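Could you put together the complete structure from these sequences and hints?
In full-length UniProt numbering, the protein residues as written are 1 to 901.
Among the hints, a few may not be true.
Said to hold, decoys possible - Subject to a maximum C-alpha distance of 27 Å in a straight line, what follows is the list of computed DSS-like cross-link-like pairs (lysine-lysine): (1) Lys-394 - Lys-615; (2) Lys-838 - Lys-721; (3) Lys-737 - Lys-765; (4) Lys-110 - Lys-123; (5) Lys-656 - Lys-818; (6) Lys-251 - Lys-362; (7) Lys-251 - Lys-241; (8) Lys-387 - Lys-697; (9) Lys-838 - Lys-697; (10) Lys-563 - Lys-656; (11) Lys-818 - Lys-609; (12) Lys-515 - Lys-609; (13) Lys-835 - Lys-637; (14) Lys-838 - Lys-615; (15) Lys-519 - Lys-553; (16) Lys-615 - Lys-387; (17) Lys-234 - Lys-737; (18) Lys-609 - Lys-765; (19) Lys-721 - Lys-637; (20) Lys-835 - Lys-765; (21) Lys-387 - Lys-519; (22) Lys-831 - Lys-609; (23) Lys-334 - Lys-362; (24) Lys-563 - Lys-251; (25) Lys-665 - Lys-515; (26) Lys-637 - Lys-838; (27) Lys-563 - Lys-519; (28) Lys-334 - Lys-401; (29) Lys-828 - Lys-818; (30) Lys-765 - Lys-838; (31) Lys-835 - Lys-890; (32) Lys-401 - Lys-362; (33) Lys-656 - Lys-697; (34) Lys-563 - Lys-234; (35) Lys-656 - Lys-835.
These are computed hints drawn from the structure, not numbers from a lab.
Everything numeric in this text was worked out from a predicted model, so none of it was measured.
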Amino acid sequence: MNGLYNMGLKSSRFVCHNGMSVIWVHQYHLLHEKRSITMNNNLSQSTNHPYEIYPVPQDIIYYEVEATITDCVHIIAQADLKEATLPKLEEALTLYGYTYTISDDFVTGKSNIYLTTQQHCNKNWLASIHPEPISELTQREGYNLVFNGDSVCDIAIIGSDSDGIHYGVVTLNRILSQLSNHVLQKCVITDYPEILYRGYIEGFYGYPWSHEDRMDLMKFGGEQKLNTYIYAPKDDPYHRKHWRDLYPDEKAQEISELAAAGHANNLNFVWTIHPGETIDLSSEEDFQSAITKLEQLYILGVRQFGILFDDLIGVPNGIEQAEFINRIDTEFVKAKDDIRPLLTVGTRYCEAWGPSMTEYFKPFVEVLHDDVEIMWTGAATMSNISKEQYESPKRAIGTDKNLSVWWNYPVNDYCDSKILMGKIENLSSDLNNVNGFFSNPMNQPQASKQALFCIADHNWNTDAFNCETSFSASFRALAPEVAEDLEIFASNSCYLNDDGGISGDFLFDESWYLKDDVKELQSGIEQGQDVTECANRLMNHFIRMETAADRIKEGCLNVQLVKELEPFLDAFKLMTQSAQHVIQGVIALQRGDVLEMERKNEVALNLFKSMEQCKVQRLKDEVPQNYIVDVGTLVIKPFISETIILTAVIAGTETKPLALGYDMKNLALQSLGVTATASSSVSENENGNKTIDGMIKSGKWCSPDHRPHLTIDLQEPATIKQYRIINCGHPVARETKVWNTKHFQILASLDGDQFTIIDEVTDNKGDVINRILENETTARYIRLQIVEPTQISIDGSGHTRIYAFELFNECYPYQSEKVLTSEIQIEKPGKITIKNVKMGDVISLYRSLNEETPFAVSERASEDLNEIVFEGVSLREAGDRIFVERTSGKYLPSVRTSKGI
1 MNGLYNMGLK SSRFVCHNGM SVIWVHQYHL LHEKRSITMN NNLSQSTNHP YEIYPVPQDI
61 IYYEVEATIT DCVHIIAQAD LKEATLPKLE EALTLYGYTY TISDDFVTGK SNIYLTTQQH
121 CNKNWLASIH PEPISELTQR EGYNLVFNGD SVCDIAIIGS DSDGIHYGVV TLNRILSQLS
181 NHVLQKCVIT DYPEILYRGY IEGFYGYPWS HEDRMDLMKF GGEQKLNTYI YAPKDDPYHR
241 KHWRDLYPDE KAQEISELAA AGHANNLNFV WTIHPGETID LSSEEDFQSA ITKLEQLYIL
301 GVRQFGILFD DLIGVPNGIE QAEFINRIDT EFVKAKDDIR PLLTVGTRYC EAWGPSMTEY
361 FKPFVEVLHD DVEIMWTGAA TMSNISKEQY ESPKRAIGTD KNLSVWWNYP VNDYCDSKIL
421 MGKIENLSSD LNNVNGFFSN PMNQPQASKQ ALFCIADHNW NTDAFNCETS FSASFRALAP
481 EVAEDLEIFA SNSCYLNDDG GISGDFLFDE SWYLKDDVKE LQSGIEQGQD VTECANRLMN
541 HFIRMETAAD RIKEGCLNVQ LVKELEPFLD AFKLMTQSAQ HVIQGVIALQ RGDVLEMERK
601 NEVALNLFKS MEQCKVQRLK DEVPQNYIVD VGTLVIKPFI SETIILTAVI AGTETKPLAL
661 GYDMKNLALQ SLGVTATASS SVSENENGNK TIDGMIKSGK WCSPDHRPHL TIDLQEPATI
721 KQYRIINCGH PVARETKVWN TKHFQILASL DGDQFTIIDE VTDNKGDVIN RILENETTAR
781 YIRLQIVEPT QISIDGSGHT RIYAFELFNE CYPYQSEKVL TSEIQIEKPG KITIKNVKMG
841 DVISLYRSLN EETPFAVSER ASEDLNEIVF EGVSLREAGD RIFVERTSGK YLPSVRTSKG
901 I
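What follows is the structure, encoded as structure tokens:
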């Protein structure tokens, strides 16, 4: 079909129209053939269609007739235009080599560009450009864009309103950028947005965006037909913590410039206030403080406002909040007569948790003025988005008022080690029951453009949204000179899997095109098959990835984007180099060269560990902190670590891990009559009982307090030999690992009054803490005392998140941590050094993989040591390899590893 990609089109056909061949694409889905990422040498190429237009328009009719736009064009504006419209058209004409004149009438000998609304349209003028009838649009912000087929091309943009004219100009500018010699193919575009309010909310924690980035993002947003920028940075003190204080002159000037930039890009700048942590809603003084602050912003040019009550501690009053907002609306917004309706978000903003739907959210919604826009995140804080997610809260409170989407993607303030530039597969096409859609981006503004592009594409035309083509197109919009390289990088560093509540896993896939080859390679190694062909395919992928990292750093013209991505690109390059050495190790194993395999695996592991030096700085509780960046999470990093182990086991240089399969008998279960009492909880749904119900999926104990504690009452004294804590980073819990409990104490008591510390962990990072007590204890009460609740908390700040606290009267030991090959050093004559020895470790040396009795054993380490040295070892008797085991405390011996002599 002339290269037309037909998959998913509601209808497509060829017809004859006045003797001309016509391609008619109804409810237009794609201007391009589907682009799949093969990543072998090149990404698949774009299609034969004339123009790439994003967001994807609703309808396009292409005529196989060409016309020429004259070098000097004439503009006729027959309606009140938005402030941005004419300057944007003039800018594009100049950029693409045209001159122009402007008047109120058509001229001959020049291409006319006729800008009008349906209400003001001169039918005769329009008929001279396009004689066939054009359907009248009822949708707000809609437009018809038509080109005639004469040798001198005339153009008309007929908007349903002035915003529609503007978006027609945006589309025209996009087409002009793709013309050769000012020749275009005649077409008729009928277009409008399916979601009225489209934009983004700077609503994250951490470093706010710079003023320059905000201005730049507004320009980018306008180009993607977004119309709203909600200013709500959690770490702007004048927005939140010090909301009563007026902006100082320098910051006020920036706000004024942002308001002006909104008009210049037809993107409404919305300033919001977040007073909830300190405001007294019944205080006249606080109300007047809010009015005074809003008056300052109004004078600075802001013409839309929001009042936010999210992320509050305590029991909020929905009616009081709504009445406060209504009074602002009556005495300030409507009194001005030139301010757009207010926006808000309540303390209950998702289905999964928060204050009561009936006691808080229902009265909040019912009392609010009808035109106040309410934002809702969906089924959970992070949620897949569909019609059902926005019908459910309406059913729950018995309202027919539509909500707006606050979508927490690509925000990464809860997963600071990630850069989220993924393929968006979780926005439904049936989303026709929301007023607005506002994405919460990352702290990295330039990298956030990738997701904003795709979200804008979806919001404009939900029926036509194709995540594959939109994903690829987003990189061409972001940095066309390195678009393919960015797509390769993002495809292998975008994994995210969080709890999406009843909407299902909040999942963003990664390295999808590598999975089959990785599976084939590892299966072939296990079965002793020739994997050379598969290994070579993977090697080519990893080489291309390394090249992509270099090209982005060296060739990307967006310097700020490179700066944002730099630690991620550095880690990405190290990872791909590590993967290449793993492949070389596999090939060495194939030819029976075990020593070469071992050398390649050791280099791979060192490169892999070097990734830990790649860090990104983030702001937490006003204190800068560094995080090890995370790329290649789903496929490549597991491939590296698993294949190193697999090849070593197959080569006979390492033993397999034991399959322990314990049936652990937990004493601390609610079903056994045990109780759990927390010093505090965020809500009744996140209390201490969640830790003893025997189900991780049921939820967590969550406390906002400074150093809270949880006390288990076993009802009678029992012997405790081991305990286990399930943190929020556990795969079933599916929260970010940076919230795993960092520092805690375990205390025991017989009477519930006098407690004794029996264990302490000071620097945990793990999802599961499973510890055998050095000395078993007898107690009725066991207390978990939190000192630092998360990896990022400071002096006890932050929220504690514990999914299970289990106690055992038997020991269930697991294997000790193995000694890495790189930690074994063999020197002649007869000196063997083992690095990174921990307190309690015993190191044993063997001559073979299965030898039962070691030929040398160290003393138990009384403290953490840099190394343990064995002297006088007969290397001749040891053969060609030394095997090493570690035994830590009461745990089982580690996997036996080795190093060739």
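Comparing the hints with the structure gives:
Our distance criterion of 27 Å between C-alpha atoms is broken by Lys-394 and Lys-615, whose separation comes to about 43 Å. Among the hinted pairs, Lys-838 with Lys-721 is consistent with the structure: their alpha-carbon atoms are about 22 Å apart, no more than 27 Å. Restraint check for Lys-737 and Lys-765: satisfied, since their Cα atoms lie roughly 8 Å apart, inside the 27 Å limit. Among the hinted pairs, Lys-110 with Lys-123 is consistent with the structure: their alpha-carbon atoms are about 20 Å apart, no more than 27 Å.
Distance check on the hinted pair: Lys-656 and Lys-818 sit about 11 Å apart at the alpha-carbon level, within 27 Å; holds. Distance hint between Lys-251 and Lys-362 is unfulfilled; the C-alpha atoms sit about 38 Å from each other, more than 27 Å. Among the hinted pairs, Lys-251 with Lys-241 is consistent with the structure: their alpha-carbon atoms are about 16 Å apart, no more than 27 Å. Simply put, Lys-387 and Lys-697 have alpha-carbon atoms about 25 Å apart, close enough for the 27 Å limit, and the pair holds.
This hinted pair does not check out: Lys-838 and Lys-697 have alpha carbons roughly 34 Å apart, beyond 27 Å. Between Lys-563 and Lys-656 the CA atoms are separated by roughly 43 Å; this puts the pair beyond 27 Å, and the hint is violated. Proposed proximity of Lys-818 and Lys-609 is supported: the alpha carbons are some 15 Å apart, at most 27 Å. Between the alpha carbons of Lys-515 and Lys-609 the distance comes to roughly 23 Å, so the proposed pair stays at or under 27 Å and holds.
For the hint pairing Lys-835 with Lys-637, the CA-to-CA distance comes to about 24 Å; that is within 27 Å, so the pair holds. The suggested pairing of Lys-838 with Lys-615 holds, with an alpha-carbon distance near 26 Å, which does not exceed 27 Å. Only pairs whose Cα atoms come within 27 Å are accepted, and Lys-519 paired with Lys-553 is rejected, the gap being roughly 31 Å. With a C-alpha separation of about 39 Å, the suggested pair Lys-615 and Lys-387 falls outside the 27 Å cut-off, and the hint is violated.
Simply put, Lys-234 and Lys-737 have alpha-carbon atoms about 22 Å apart, close enough for the 27 Å limit, and the pair holds. Restraint check for Lys-609 and Lys-765: the C-alpha separation of about 16 Å stays at or below 27 Å, so the hint holds. Pair hint Lys-721 plus Lys-637 does not hold up; C-alpha atoms about 35 Å apart against a cutoff of 27 Å. Straight-line distance between C-alpha atoms of Lys-835 and Lys-765 comes to about 22 Å, which keeps the hinted pair within the 27 Å bound.
Taking the CA atoms of Lys-387 and Lys-519, the gap is near 37 Å; set against the 27 Å cutoff, the hint is violated. Using a Cα cut-off of 27 Å, the hinted pair Lys-831 and Lys-609 holds, with the two alpha carbons roughly 26 Å apart. As the CA atoms of Lys-334 and Lys-362 are separated by approximately 24 Å, the hinted pair is consistent with the 27 Å bound. In summary, the hint linking Lys-563 to Lys-251 is supported, as the alpha carbons are separated by about 25 Å, within the 27 Å threshold.
At most 27 Å may separate the alpha-carbon atoms for a hinted pair to count; Lys-665 and Lys-515 exceed this at roughly 37 Å. With a CA separation close to 26 Å, the supplied pair Lys-637 and Lys-838 stays within the 27 Å bound. Between the alpha carbons of Lys-563 and Lys-519 the distance comes to roughly 35 Å, so the proposed pair goes past 27 Å and is violated. For a cut-off of 27 Å, the pair hint linking Lys-334 to Lys-401 stands: about 21 Å separates their Cα positions.
For the proposed pair Lys-828 and Lys-818, the alpha carbon gap of about 24 Å is at most 27 Å, so the pair holds. Restraint check for Lys-765 and Lys-838: satisfied, since their Cα atoms lie roughly 17 Å apart, inside the 27 Å limit. Straight-line distance between C-alpha atoms of Lys-835 and Lys-890 comes to about 21 Å, which keeps the hinted pair within the 27 Å bound. A hinted pair counts as satisfied when its Cα atoms are at most 27 Å apart, and Lys-401 with Lys-362 qualifies at roughly 11 Å.
Our distance criterion of 27 Å between C-alpha atoms is broken by Lys-656 and Lys-697, whose separation comes to about 31 Å. Pair hint Lys-563 plus Lys-234 holds up; C-alpha atoms about 23 Å apart against a cutoff of 27 Å. Restraint check: the Cα-Cα separation between Lys-656 and Lys-835 comes to about 22 Å, which is no more than 27 Å; the hinted pair holds.
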